[in-house]
Amino acid sequence: MKYSSTLLEQLYHMMVKIRYTEESLVEPIMNGTVRCPVHLYTGQEAVATGMCTHLTREDYVFGNHRSHGHYLAKGGDLKKMIAEIYCRETGCAKGRGGSMHLISPENGVMGIVPIVAGTISLAVGAAMASKVRKDKRVTLSFFGDGATGEGVLYESLNFASLYKLPIIFVCENNLYSTHMTVKKIRPPQKIAKIASPFGIKSFSSDGNDVLKVYEVSKKAVDYCRSGKGPVFIEFFTYRLRGHVGPDDNIQGSHTEIRPLSEVEKWKKRDPVLRFAKYLISKKVLSQNKINQIIQEVNNEINQAHTFAQNSARPLANEVLEYVFK
Amino acid sequence: MSLNKERKLNFALAINEALTQMLESDPSVMLIGQGVMSPWYVGNTCKDLLEKFGEARVLDTPVSENATTGAAVGAAIAGMKTIVVHPRTDFAVYALDPIINEAANWHYMSGGASNVPVVFWLIVNGGGEQAAQHSQALHTIFAHVPGLKVIAPSTPYDVKGMLIAAINDPNPVVFIDNRSLYGFEESVPEKMYEIPLGKGIIRRKGKDITLVSFSHLAQETLKAAETLALEGIDAEVIDIRTLKPLDEKIIFDSVEKTQRIAIIDSAWKFCGFSAEVVALLAEKTSLEGKSITRINIPDAPAAASNSLEQAYYINAEKIVSRVKNFCSDKVIAN
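Same order as they appear, the protein sequences are chains A and B.
Per our numbering, the first sequence runs over residues 1 to 325.
Per our numbering, the second sequence runs over residues 1 to 334.
Hints in this document: simulated from the structure, not taken from any laboratory.
Note that this is a predicted model, so its numbers are computed, not measured.
Where hints are given, some of them may not hold.
Unchecked claim - Heads up, incomplete: computed chain B residues facing chain A, CB under 10 Å, no partners named:
hint	residue
1	Leu-59
2	Ala-67
3	Glu-102
Think of the CB as a built atom: it goes at the ideal place given N, C-alpha and C, for glycine as much as any other residue.
My request is simple: use the sequences and hints to build the entire structure.
In structure tokens, the structure reads:
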């Protein structure tokens, strides 16, 4: 595949935006200014970035507890996201949702929930709506390896296949389901294989290489949009931070769950650094340009934090707002 | 137009007409669920819908209540108005996640950014030696959860108007439907109309006791009231129609007048709808001089055997006997 330098820069910019946003939350989590459960996406940036680049604003995305990256890659507003993580009225869910309920329907971010596998069937329904309306939208359902233990995933695969729905099931296999290694929660087979009994086209791919993600995503989106039915993709990736918060022990600075050697091994495959090296070697971006991008992103992130911290919390007398429309 | 010239429909066909008219008039309406092709499951409620509106908008689904219900919720989030049927309420228990965790909370947890216009249609099918897992009336569970509306119409006229209102409602609505009503026939206008959710109705005026019920037991209660009248007890019958939001006023006003109330609920007593009505009366009105009783099914699962079913389910006869005991001072001595 040939890539324009504009596209490559755009991919890099988004990955940097996600990475530095996630890392900017570490300190506020540690010092207690951010209190809601926050599941950082650090290490998985290539998946959201590569997948969402092929989508239009109208396409749908459903996410899970670890969905800051999906929200941003799909065009969600950074300020509103940070404000939501601070649980402020200016947040995308007006402080009612927190980090685990980001939403931006105007950008196709339809909903995000922490009930593992909770949005998979919802995504199937959105795809069903698209099929009825013949609106050519594609729906992405992001979930982790942990969700493969939930029965609703298999019901949803069956349903989507039967009705040839335009949905892409995106499994981010980051090797851990909360504190459990994937080896302890699943028999040792490739997750992508679970789709084949349902006759669903499936792919496995390196999820830490944004260009590989981009390529497989293009195939999947084209297939889906042309009405051929659902696609299942398994991305191998790794969360460099803990399940909730910066580390496996929220308060700690070390990991008791994962061997340090494993973390070190995956740090060498860091999708952001890896892509930066690639872009420099291909002379697409200079180190100066990269520094400039990082600086710009950080400025934007700092402004978002300031905006959030200066925003009011929802009013206590509005506790009954939004129960019903 | 005189009454006897009006067109009559039974309860099942009134549902069918509501669904047909909504599917005809609004392209965003769709119906999915297990059994929409099968009268064995859903009576005549879905008659001809698949043929008229096609497989894209009327889907008879594989046995997968969780995904099917989630799909109905997701389609609603994506701008459709969906109805998902569970031909036995018990089957919907598999789908509590999309109903309770997702649909009920959705508008709130998105700070109003999104909403879920879905109807969860749960058919209660108690009796007929079907035992515990084909008969449960679980309205209490749903009425407990903020963000869900719970309706339980009892007449063909109401079910048409309330189902149309429920489909057009921007919120998730749980429609509790009792299969035993399906043959009940009355005049139903052909035009589309809505009956607002959250409004009870006085089915019979009376001065001695207030009887509150809903769904098929509203009809049993009405029959019971006619018998009670012969015994000298003039009962006011309230069909509450919507469990949530509850029309408290219609109950409070009636009890103020009669000073007595019996709440007749097709489900269990403990932590249930009847307990809620009593609690509301205690909290919001004066109980002084008032008497209260509750008529519920025994605190046990439903057994298959007909002899045990006789002891289990509530009918007009049982209501008469319980109310007579409760109002023994009013009963005309034989």
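Hint check, Leu-59(B) versus chain A [nearest Cβ-Cβ separation less than 10 Å] | Check passed: Cβ of Leu-59(B) comes within 7 Å of chain A, closer than 10 Å.
Given Ala-67(B) was flagged as interface, is its beta-carbon under 10 Å from a beta-carbon of chain A?
-> Holds, about 3 Å.
Glu-102(B) as chain A interface residue, shortest Cβ-Cβ below 10 Å | OK, holds: Glu-102(B) within 10 Å of chain A, min 6 Å.
Of the hints listed earlier, there is not a single one the structure fails to meet.
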